[in-house]
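Engineer: Protein chains in written order, with the working numbering: chain U, 14 to 219; chain Z, 14 to 219; chain X, 14 to 219; chain L, 14 to 219.
The hints are simulated quantities; they were obtained by calculation from the structure and are not laboratory data.
You may find that some hints are simply not true.
If several chains are the same, the list does not tell them apart, and a pair holds so long as it fits within one copy or across any two.
[To be verified] Here are the computed lysine-lysine pairs in the DSBU-like style, where the Cα-Cα straight-line distance is at most 30 Å: (1) Lys171 x Lys133; (2) Lys21 x Lys32; (3) Lys32 x Lys177; (4) Lys88 x Lys177; (5) Lys32 x Lys88; (6) Lys21 x Lys88.
4 protein chains.
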Amino acid sequence: MFPLFDDKLFECDIPGPTKQEIRAIVLSKMKIFPGCRILEVGTGTGAVTSDLERLGCYVISLDQNEYITDAPGRKFTRYADYIQALSPWFASRSVVFDSIFIGGSEHVEETITLAYDLIKRDGVIVINAFSLDTLTRASRALEVTFGNYDVIQVTVSKAEKLGKHRSFIARNPVFIFFTLPKLETLFLPLVFLLSVDPLEQFCPYL
Amino acid sequence: MFPLFDDKLFECDIPGPTKQEIRAIVLSKMKIFPGCRILEVGTGTGAVTSDLERLGCYVISLDQNEYITDAPGRKFTRYADYIQALSPWFASRSVVFDSIFIGGSEHVEETITLAYDLIKRDGVIVINAFSLDTLTRASRALEVTFGNYDVIQVTVSKAEKLGKHRSFIARNPVFIFFTLPKLETLFLPLVFLLSVDPLEQFCPYL
Amino acid sequence: MFPLFDDKLFECDIPGPTKQEIRAIVLSKMKIFPGCRILEVGTGTGAVTSDLERLGCYVISLDQNEYITDAPGRKFTRYADYIQALSPWFASRSVVFDSIFIGGSEHVEETITLAYDLIKRDGVIVINAFSLDTLTRASRALEVTFGNYDVIQVTVSKAEKLGKHRSFIARNPVFIFFTLPKLETLFLPLVFLLSVDPLEQFCPYL
Amino acid sequence: MFPLFDDKLFECDIPGPTKQEIRAIVLSKMKIFPGCRILEVGTGTGAVTSDLERLGCYVISLDQNEYITDAPGRKFTRYADYIQALSPWFASRSVVFDSIFIGGSEHVEETITLAYDLIKRDGVIVINAFSLDTLTRASRALEVTFGNYDVIQVTVSKAEKLGKHRSFIARNPVFIFFTLPKLETLFLPLVFLLSVDPLEQFCPYL
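Next up, chain U with everything else stripped away, as it sits in the complex (with noise of 0.2 Å):
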């Protein structure tokens, strides 16, 4: 199950991979369990895609690039589908997604709207910003439809062997968008005021 895919895995020509560090806390973010569906908005070289079919999960990917086609994480994924489509055209006729990752996308309140229409009601959207722009947006969009959001920002820095010693090198900063689930709203002051064994409530697909 874990370590997760090694960056390495997915270097080519395609701009990416998200790192490690960041899918980890993308995916911990997320409601994730065996069986669950996930929708994600911009696949890239599709490191997040591989990481989440290994943990059982059945995603659907979209990106409006042409290199989908040859995105390495292809070849780490069996079963999840991978459509060249731009979110706002994407359609779906029920509400299916259990959780929903948006990594990168043009059009981001299009995108957030279309999350906010497919996502389960217990369900999380978390979003990756890299520019100012898509920051300022999301914010916006987030707060219009859900109302309510959290967002980070993760700056990473590797130490990296140069000649004899071990330099600090800096990784862009991420900004990490996350919408609560209604459901954890509503359990998290019972778990406190009731204490009646909270794992049960809390992990009910472990």
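Following the hints, position chains Z, X and L against chain U.
Structural biologist: This is chains Z, X and L only, laid out in the frame that chain U set:
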């Protein structure tokens, strides 16, 4: 399975807990699969212990402090063994741990030597360092015992709502050390050379 | 001249002060020379005001809050003018400021428009943003009025002695905007092309 | 006087330059006044040297590398002395330096001992560390020679325009050590107790 336990569940008089984002990265570096055995040095609030058990691990958790009996994590774990002991005095007859996590220790060098003796051939040791002192001592001890290691620095800030506005509130940076599993080091070139179903070779426990 | 004033000198009930490291970066971006005129919006504790006057500037400092009368910085300045006023209502008959520093304002857009009107042709405007809201609004307003700007994020953590060890204690990240002086934009290529004693062209006030 | 020299002016084959923001913090920690004497160990591109001379300092700058003769900073300085020498072999008959800046050195311990011998009683020593190795060695050497010191970590990321959007591009973190001037340590309580015109006591060189 996911999301990981909420930080609020572990708030108490004991210093910590290790924040959810840091736990996510720590777990993603370790070798975890259902039924694996983990040694944890420095229980603290038991947040990491709880997440590990929920992911299917059997955890032995050591802490030299008396407060190990009151760790909130005990409410969320059923099988984990909590032992109040100084890590250098802990011994085991055989090499039995798939992964070892050192969340805090005053005897960094002795604990790393102990970890080296008790870890399986392809196991991973992860160490969290908060102080300049631990950073220095852990890097020296790992250099001596393991010869090679990686270290990253992770800084997380969270936008908290103060009045009308969200301001980024910084959390203290954490240095995370992890050793490379010998098995992975061997297989990695093979994956590239042969490229024959790397999934099977990589994650035999899936 | 240096070192800058110590943070401890400005500790009081007023939020702040802007930390020494951040003040150093702010000052290094502004156009400062003995006898220059500076407008400061958001006095706060008066730390930046004090450093500016010590570097030989004449400062007009605005703050809408009553606590401007108690700002500790008043003890360290002799010529600076402190005015309790809302920045949008402040007016000046002529373009008189060599540099403008916006340390905090609830009327970001109006303050930036005011700054644009009052700054000299080769002056620099520096803005500190702490909240996601200010970050968003300042970047939009600068795009509209100035067309171009730079923004950096600065994170400082300081190793404080806790018990026997030094642990890195994080300070909240700050976003620092600064506009490019039109003069510099013109001279920079000249420096490279002609390379005729750039020192004279560059620092006429030395 | 300000703004500091632009980073672009120092771009060349020599590693560096120390970025403007880091230079600003370094200068703000040192004891600088017109006519003061500064020792710099590790000239590099000469960016710090240039800023120091422009602020009115006389700088002696050491570097063991041959490229000291081509440092771009030479074009911007007129009085600074550049000496190609290993810092442990540099000697001076008397204690003559108001501040010492160690921008880089392979002989950290010897250089700190040298700095201790050559600094005036109320001078400040500032050290930049980029590698884990220098971090470790500098903190030990300062503990031994000076007994006390401060160390901060500074991370800067700059929003660069990539295509249509501004993305935050991280720069490698820098650790900045600085010793506390003995004079300031003595005067600080006096300022609070007497509160008699602290400006005069504090900045006799203004």
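Engineer: Does each hint hold? Answer for all of them.
Structural biologist: Consistency of the hints with the structure:
Within a single copy, Lys171 and Lys133 get their C-alpha atoms only as close as 37 Å, which misses the 30 Å cut-off; across copies the closest is 26 Å, which meets it. For a Cα distance limit of 30 Å, the shortest separation of Lys21 from Lys32 qualifies both inside one copy, at 10 Å, and across copies, at 27 Å. Both within a single protomer and between protomers do Lys32 and Lys177 lie at most 30 Å apart by alpha-carbon distance, with minima of 25 Å and 24 Å respectively. Proximity of Lys88 and Lys177 under a CA criterion of 30 Å is satisfied in neither setting, with 36 Å inside one chain copy and 32 Å between copies.
For the identical chains of this complex, Lys32 and Lys88 are intra-copy neighbours only, at 18 Å inside a copy versus 33 Å across copies, given an alpha-carbon limit of 30 Å. Taking CA atoms no more than 30 Å apart as the test, Lys21 paired with Lys88 passes inside one copy only; the shortest distance there is 14 Å, against 39 Å between copies.
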